[in-house]
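Whole structure, please, built from the sequences with the hints as guidance.
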Amino acid sequence: MQPATAIKRPDEGDAYVAFDNVSVSFASPRGTVTALEDITFSIPRSSFVSVIGPSGCGKSTIFNVLGGLLRQTSGTVRVDGSPVSGASKGAGLVFQEDSAFPWRTVLDNVAFPLELRGIAKDERHSRAREFIKLVGLTGFEGKYPSELSGGMRQRVSLARTLVTEPALLLMDEPFAALDEQTRLLIGDKISQIHHELKQTTLLITHNITEAVQLSDKVLVMTYRPGRIKSVIDIDLPWPRSSEVVGSEAFGAYVGRIWQDLREEASRGLEDASRGAAA
Amino acid sequence: MDSIALDRPGAGNGMARPAYMQALMVIAAILLWEVLARSGIFYHGVFPSILVILSALGRLLASATFYWHLGVTVMEVLLALAIGGVVGGVVGFLFGVSSFMSRAFENYVYYISATPKIIFFPLVITWFGIDSGSKIGLGAIAAFFPMCLNIATGIRGINPIWVRVARSYRASFWQMLWKVYLPGTRPALLTALRLALAVTLVSVLLAETKLAKNGLGFLVDGAYSRYDMPTMYALILFIFCVSVGINLALTRWIGETSQQSFA
Amino acid sequence: MRPSGALVTGIITPFLFLYLLELAIGAGLISRFAVPFPSDVLAAIPGLVRDNNLLGRFASTLGMASLAGLLICTLGVALGAFLARFRRIGIAAEPLVGAFAASPMVLAYALFLVFFGRNFVAAVAFAVVGGLPPVILKTREGLSTVRPVFLNVGRSLGISSRQMFFKIELPAALPTIFTGVRLGFVFGLIHLIAFEFLLNFGGLGGLVAELAELYNPPATMAAMLFVIGLSAMVFFVLERAQRWIR
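Chains as they are written, first to last, in this note's numbering: chain A, 1 to 278; chain B, 1 to 263; chain C, 1 to 246.
Hints are computed from structural coordinates only; laboratory data are not their basis. Please note: incorrect hints may appear among the correct ones.
[Said to hold, decoys possible] Taking lysine to any residue pairs in the SDA-like style, the calculated list, with each CA pair at most 20 Å apart, reads:
no., chain 1, residue 1, chain 2, residue 2
1, A, Lys89, A, Trp103
2, C, Lys167, A, Leu178
3, C, Lys167, A, Leu116
4, A, Lys198, A, Val79
5, B, Lys213, C, Glu213
6, A, Lys89, C, Ser160
7, B, Lys179, B, Ser98
8, A, Lys143, C, Pro175
9, A, Lys89, C, Lys167
10, A, Lys143, C, Arg243
11, A, Lys89, C, Pro175
12, C, Lys167, A, Glu115
13, C, Lys167, A, Arg104
14, A, Lys89, C, Trp244
15, C, Lys167, A, Ala252
16, C, Lys167, A, Asp98
17, C, Lys167, A, Ala87
18, A, Lys198, A, Ser42
19, A, Lys229, A, Lys198
20, B, Lys213, C, Leu199
21, A, Lys89, C, Gln163
22, A, Lys121, C, Lys167
23, A, Lys89, C, Leu151
24, B, Lys213, B, Leu78
25, A, Lys121, C, Gln163
26, C, Lys167, A, Leu107
27, A, Lys121, C, Phe166
28, C, Lys167, A, Trp103
29, A, Lys143, C, Arg162
30, A, Lys189, A, Leu178
31, C, Lys167, A, Arg224
32, A, Lys143, C, Glu213
33, C, Lys167, A, Thr105
34, C, Lys167, A, Ala120
35, C, Lys167, A, Lys189
36, C, Lys167, A, Phe101
37, C, Lys167, A, Tyr144
If you want it as structure tokens, here you go:
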């Protein structure tokens, strides 16, 4: 299972991110809702981990807690050894919804985080251009988001997040709204970027192919309350070219993840239809 | 700590509270008024205490002539609304169903709507004299504009599929009007009426202050020239409360029936 | 490109109507005391410019309206922002401000003279009170409905609340705020002209009132046309400005 071209995986003990018995509950009109229950996992430095699960399983909650937007009810969350408290400058977040600022050009959007830090115009523009090039949007610097397609707007958001070169990159289903072809192409770009910049990355997704294509490790979650059902190491060669994606091994991973996921997904569907009938 | 933008499933996050907050604000405003009135900062009489105003209001409500003037104004406003409303509604309907007419003429209505209608008062006086006729005429002109524009927008906003389905059943004009257009424009009609009422009321009252022999505006002007500030404030307070009340009633009445018609 | 039939009809019809009117009045079908000859109205304009300082009055009304507009913007946006920041106060205040705006409070116009004296401050103050509500309401609305994801982007970058307001909330709310500003300007102008007319206060509105008292129907109508022209122009310019802001 270990082809010669496999990259040496970092030591599991070198955990950049560590979730330890984390639970998150909300008060709601219908009583207490537990979004996450006893989540424990770690992400080694510079690795790419995907979290996959059915809709409503609380995977976005992991994103929000790690990103400092939401406080956990119990347990500890550590990044690089220190506990998370509020947004940290070392983490970059890419959101699911369209988050490119419509009132700024592509260049000003990407340069935004640098502008906040008071970096001079020339320098921040040239740095922004680097990352615009990285996501493949050269030539569109002067355009406004309304003139771009959905995929391009997400790339703007991605470039804006990367421009501060965060050590931790968090993405919450950023490609959910895109069509399949665009998604695959951007997926390739993400892999490229990951191997160039080597940030520790967490990707929340509902797309199994995407998870297997991009990650070193996949976490499968249960339906509400969200728990980790299984952890699957993806032992496939990099880069994940179309040959790799088409290979039997790839298909086997997808099948295995779907097996774990299927049960949870159907529970989610039941719940939804019960709710609709109510 | 907590996310600012995540959905906070908090129980009834102040849903019942606005009313308390509003009551608080009104009370605070009244107290502020009292403080200013008694402070002596303002020229004597310009800022009478609430109690003085309320007693003036009491005297008004007890006097027969007040109701006579009230009746005159009410009659003028209602007639103006009826005339301006109907004409505005018909023209608005025309603009709504015929894109040709709309493209040709609606812009005139749109841009003239930004003018204060009171400016046409001299014109209406030459036509109808200085009695109620001129106020009704002015009010009708004022009511025309919001009615026309909102109805036109409302008709255009009706789902074209309904129109096509009705046509495919060969509905007659009157059936179309009653079963498709009228129900479809109910929300726009509400907006139109509220706006028309507001501008008509203002135009009629202002015209009455400028040149009239009766009506509430005439009373306001009279109080002002006598320097009877309490009465003037009392009148304004009365008119304010009534117009807010009518607004609420309109919203509730047309709002309710619109739900029924879609059931 | 051929102009559309509707546009042509729209432009020709008023001229046709005025021509027919001219003929009808000449033939005695319509009393010339009720409706002045359109040609007389046109002819009255040069006299207005020469003897009644038409252009000067136009400028003075526009000038006061602009001053009022400036105040309406700054005060209105500031108050609207305050109401957006303190959500509970804002939600409670909204219907109150709306009720005030819809009510005939404008009846108290004469009081402004008493408070401020018979000078331009009274007129501008009256215009400001008239134009403030839409700006306040729209500003509050715009700032309260900024898409949460934009706020989250700011939060995730760890920015201060000052930066959040000026670099994210305000730009995001700008289209809505500008709608309010547009309405506020127009309402302010309407209030100003009404004030001038009702109190013979000079400016264009006062001109209509003066000419009406002198019983000069053609000149009065000509002045009315200029009032319509001024309001339509301001309205049109603001609309274009909003389109340009995107």
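Quick rundown of the hints versus the structure:
no.: 1; hint: A:Lys89 with A:Trp103; verdict: violated, 24 Å
no.: 2; hint: C:Lys167 with A:Leu178; verdict: violated, 28 Å
no.: 3; hint: C:Lys167 with A:Leu116; verdict: holds, 9 Å
no.: 4; hint: A:Lys198 with A:Val79; verdict: holds, 16 Å
no.: 5; hint: B:Lys213 with C:Glu213; verdict: holds, 17 Å
no.: 6; hint: A:Lys89 with C:Ser160; verdict: holds, 13 Å
no.: 7; hint: B:Lys179 with B:Ser98; verdict: holds, 19 Å
no.: 8; hint: A:Lys143 with C:Pro175; verdict: holds, 19 Å
no.: 9; hint: A:Lys89 with C:Lys167; verdict: holds, 18 Å
no.: 10; hint: A:Lys143 with C:Arg243; verdict: holds, 18 Å
no.: 11; hint: A:Lys89 with C:Pro175; verdict: violated, 31 Å
no.: 12; hint: C:Lys167 with A:Glu115; verdict: holds, 10 Å
no.: 13; hint: C:Lys167 with A:Arg104; verdict: holds, 10 Å
no.: 14; hint: A:Lys89 with C:Trp244; verdict: violated, 36 Å
no.: 15; hint: C:Lys167 with A:Ala252; verdict: violated, 48 Å
no.: 16; hint: C:Lys167 with A:Asp98; verdict: holds, 18 Å
no.: 17; hint: C:Lys167 with A:Ala87; verdict: holds, 18 Å
no.: 18; hint: A:Lys198 with A:Ser42; verdict: holds, 17 Å
no.: 19; hint: A:Lys229 with A:Lys198; verdict: violated, 27 Å
no.: 20; hint: B:Lys213 with C:Leu199; verdict: holds, 18 Å
no.: 21; hint: A:Lys89 with C:Gln163; verdict: holds, 16 Å
no.: 22; hint: A:Lys121 with C:Lys167; verdict: holds, 16 Å
no.: 23; hint: A:Lys89 with C:Leu151; verdict: holds, 16 Å
no.: 24; hint: B:Lys213 with B:Leu78; verdict: holds, 19 Å
no.: 25; hint: A:Lys121 with C:Gln163; verdict: holds, 17 Å
no.: 26; hint: C:Lys167 with A:Leu107; verdict: holds, 15 Å
no.: 27; hint: A:Lys121 with C:Phe166; verdict: holds, 18 Å
no.: 28; hint: C:Lys167 with A:Trp103; verdict: holds, 10 Å
no.: 29; hint: A:Lys143 with C:Arg162; verdict: violated, 27 Å
no.: 30; hint: A:Lys189 with A:Leu178; verdict: holds, 15 Å
no.: 31; hint: C:Lys167 with A:Arg224; verdict: violated, 38 Å
no.: 32; hint: A:Lys143 with C:Glu213; verdict: violated, 59 Å
no.: 33; hint: C:Lys167 with A:Thr105; verdict: holds, 14 Å
no.: 34; hint: C:Lys167 with A:Ala120; verdict: holds, 17 Å
no.: 35; hint: C:Lys167 with A:Lys189; verdict: violated, 30 Å
no.: 36; hint: C:Lys167 with A:Phe101; verdict: holds, 10 Å
no.: 37; hint: C:Lys167 with A:Tyr144; verdict: holds, 16 Å
When each numbered hint is compared with the structure, violations occur for hints 1, 2, 11, 14, 15, 19, 29, 31, 32 and 35.
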